[in-house]
Amino acid sequence: MGKFESRQPRKRKGAAVWIIIVLVLLIGAAAARYFFLRQDAPQIEQAAPQLSAQEVEPVEPVQTPPPRTVVPKVELLKEPEPEVEPEAEPEPEPEVPESTSLTLMALGDNLIHWSVYTSAQTADGYDFTPFYEDISKIAAQYDLACINQETIFINDRQEISNYPVFGSPPEVGDALAAAGFDIVTCATNHAYDKREAGVYDTVSFWREKHPEITMLGLHDSEEDAQILHVVEKNGIRLALLNYTYSLNGFVASQPYFADMLTDKDKIRSDLARAEEEADLTIVFAHWGVEYQYLPDPSQTQMAQFMADNGADLIIGAHPHVVEPLWVVTAADGRQVPVFYSLGNFLSQQPNMINHLGAMASVEITKDETGTYVSSYEILPTVNVILKNPEGPLNSYRPMLLRDYTQELADLHVLGCMPDWMQMKFDEIVSLPDPNAPAQAN
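First residue of the sequence shown: 1317, per the working numbering; consecutive thereafter.
For the record, the hints were derived by calculation from the structure and aren't laboratory data.
There could be a bad hint or two in this list.
What follows is a set of in silico ranges between Cβ atoms, one per label pair, in the way DEER data are often shown [what the hints assert, rightly or not]:
| hint | residue 1 | residue 2 | range |
| --- | --- | --- | --- |
| 1 | L1544 | E1405 | 35 to 41 Å |
| 2 | H1545 | Q1617 | 22 to 28 Å |
| 3 | E1538 | P1705 | 51 to 57 Å |
| 4 | Q1608 | R1584 | 25 to 31 Å |
Yeah, the Cβ is synthetic: ideal placement off N, Cα and C, and Gly gets one too.
Kindly produce the complete structure, drawing on both the sequences and the hints.
So, in structure tokens, the structure goes:
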């Protein structure tokens, strides 16, 4: 058998020796360092200079500032700036025309005699519409159409009446509206023929049934009497006024019922307001002497008064015949056309001259210099009365004289010849104004 030999692990003698040598060197180095420091210490103390107490200057104690408190930096919260909406681009300014204008026509008395309203009677009322068919074609050619409603309206059928105290069916107003009239003047000498009832019926008719039409001259309250009627057309504002010289001897129970020429203070005040609120002022005056072709002093003096206080155009009625168109020079130098009387438009008066009327045709312009009457003329009209072949009543067809034919003249109840009517018209409108300045030759 083989010999079993028990052996211990062999130790590494070389490593232990090196460890001991290193430890001895370290201990020796430390001892040498200690010895060296001990030898040098007295010499260091002796090298420091010896200073007496007198030589030592007092040293101010150094004040150490207190420790600085550091405030942590805090970001301030700012309010969020409002979002700025982008500015909208300005709308372009509307183009203002260099000038604008309007045309206006005006007619004389719409005088509803007995034969006129009986000719319009129907089974259940009245129909005046056919009487205005010819003139409606002319009214359609103008921006504004005006007519003088001579007689007052009355709702009570029992109160419908003839000259000298008129009361007309309100259906007359319906026919005027259908014909295209825009402005109706009612301050006439017959405005109080039916007393309060006539005023109230007339005012309420226009206000309630035809509010699109401007009715002038009558009022049912003090508040209504304070209203200045201004009509705007084509960018031009027109102030419209209407006055009458009389109420045929009646005295109205309320002073505001009808606008009167006798109240100069009111006229002056109305014209001043019109000057502020409108571009141009038109006055419709019911004045003069019946059946007289020349204006009388009351008309010419009143026309001057109105022009001096701001009227720019004056249109007259009442004499039942045509009177001339003259021009008044206002105090400020304005030239104011005055149509002194347009005569009758529709009536049943007995004389041929009463069936010759006139129409004012006017153009009003607004430009950079102001607003003014730029052109005007007076045109003849004729009240055509035709016998109804089917009965005793008549057919009425007032129209411009230029549209009046010989065939119609042959059927006219009064035999009004076109040439004669034109001759009389030319004669009247050519009457000279005695107050006009003399023209140099």
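Taking the hints in turn, this is what the structure says about them:
no., hint, verdict
1, L1544 <-> E1405: 35 to 41 Å, "39 Å, holds"
2, H1545 <-> Q1617: 22 to 28 Å, "25 Å, holds"
3, E1538 <-> P1705: 51 to 57 Å, "52 Å, holds"
4, Q1608 <-> R1584: 25 to 31 Å, "27 Å, holds"
Checked against the numbered hints given earlier, this structure breaks none of them.
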